[in-house]
Each structure stands twice: as structure tokens, then as C-alpha cells.
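Using the numbering used here, the first residue of the sequence shown is number 1, and each one after it goes up by one.
No wet-lab data here; the hints were simulated from the structure. Just so you know, even glycine gets a beta-carbon here, dropped at the ideal spot from N, CA and C. Heads up, some of the hints might be wrong.
Ranges between beta-carbon positions, derived for each pair [stated by the list, open to error]:
id	residue 1	residue 2	range
1	Gly151	Gly109	29 to 35 angstroms
2	Leu155	Tyr48	28 to 34 angstroms
3	Glu54	Ala22	29 to 35 angstroms
4	Phe49	Val160	15 to 21 angstroms
5	Val166	Pro69	35 to 41 angstroms
6	Leu51	Ser142	34 to 40 angstroms
7	Ser142	Thr50	16 to 22 angstroms
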Amino acid sequence: MPDTAAAAGAPAPAPASDPASALAIVELATPADADAFRTLNEAWIERYFTLEDEDRAILGDPAGRIVEPGGAVFVARLDDEVIGCIGLMPVGDRVFELVKMAVSPAHQGHGTGRKLIAVALDRARELGARRVVLESNSQLASAVHLYEAFGFRHLGHDEVAPSPYVRADVHMVLDLA
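When you get a sec, could you build the whole thing from the sequences and use the hints?
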């Protein structure tokens, strides 16, 4: 029997090997999502740095630390596997921080990080954010370049608030309003 989409003149569905065809970015919804958020972030942090107390607090309770205060956590699913994540955490009056963005190494370089940031910034706008801030590290050059591509600018030393992270040597901001 012929494929009904093709038989009806509609384009055939993208092959399963096309990563873009099966990628879905959704809000944190299950304990498995929270576990994936934690393990994806622990993996990259421990690969380059040391897991710090603030990491443990946020990764151990993303709903309580990010979502319940008025933010959001998104996970990127490729079929049934969570391959990436990002948080949008309220940190002040109409100010949010992009936190804990991670993409599994096997899936990097395919635009997942870009899509996660875009979804998080869209949500920030929906929430009435006037500013989005982030902290990173200069060793993570590809991430820093990605933030710059979205229009984030580097803060001057006089603009940087104290950080709970020893590794934070990059401080950026995107003004939305």
C-alpha cells in the first residue's frame, strides 16, 4: 500500500535521521525531565569545572528554584531522549537570568542550543522581562559566541554583581525593553 501522504501529493515526512524533524522543546514536566536537567548540567560542569553549592541547589530542585518563583525550565527532546535544557530564572524586577543551558555532546553543533535560547527569550518577553542576564566562562567560547549572536553584550567590571560561581568570568546582558 502506498504512503498516504505521498499518495495525496503531500511531501513525505522527513526521515527519522533528520534531527530537526523530531526535536521538540517543551517545559519541564516530569521527574525524568528534572533528572535529565540535572545530569546534563552536571556532566558539562564536572567536565570543565567543579560542581558548586549553587549548582547543587538549582539542579536538585529546578521546579522550586526556577519555575515556582516565576521562571521556566525547558528541555529539548529528540524523540524520547532529553538532549538539552535551559532555565529562565527570575532575579529581580522584570530581570531574568538564563541558567543551566546544556546540550549533550553527541548533539552539539546542530542548533539545539540556539533553539533553547530562542524559546527562553520568547518566554522572557511573554513574562514582561526588560532584561536578561547570564554568567558563563571564557573557556566556553562557542557558548559565549552564541550569546553574542543573540545580542547579549558583555558587562563592564563596574556593572558586574557578585556571583555565587567561582568559574563565572563572563557576565552578559540583553536589554529587551
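Hint check results:
1. Taken as a hint, the range 29 to 35 angstroms is violated for the pair Gly151 and Gly109, whose Cβ atoms sit roughly 22 angstroms apart.
2. Under the hint 28 to 34 angstroms, the C-beta atoms of Leu155 and Tyr48, about 21 angstroms apart, miss the expected range.
3. About 33 angstroms separates the C-beta atoms of Glu54 and Ala22, a value consistent with the hinted range of 29 to 35 angstroms.
4. Checking the proposed 15 to 21 angstroms range against Phe49 and Val160 shows it holds: the Cβ atoms sit about 18 angstroms from each other.
5. About 24 angstroms separates the C-beta atoms of Val166 and Pro69, a value inconsistent with the hinted range of 35 to 41 angstroms.
6. Hint check: Leu51 to Ser142, Cβ distance near 21 angstroms, so the stated range 34 to 40 angstroms is violated.
7. At about 21 angstroms, the beta-carbon gap between Ser142 and Thr50 stays in the expected band of 16 to 22 angstroms.
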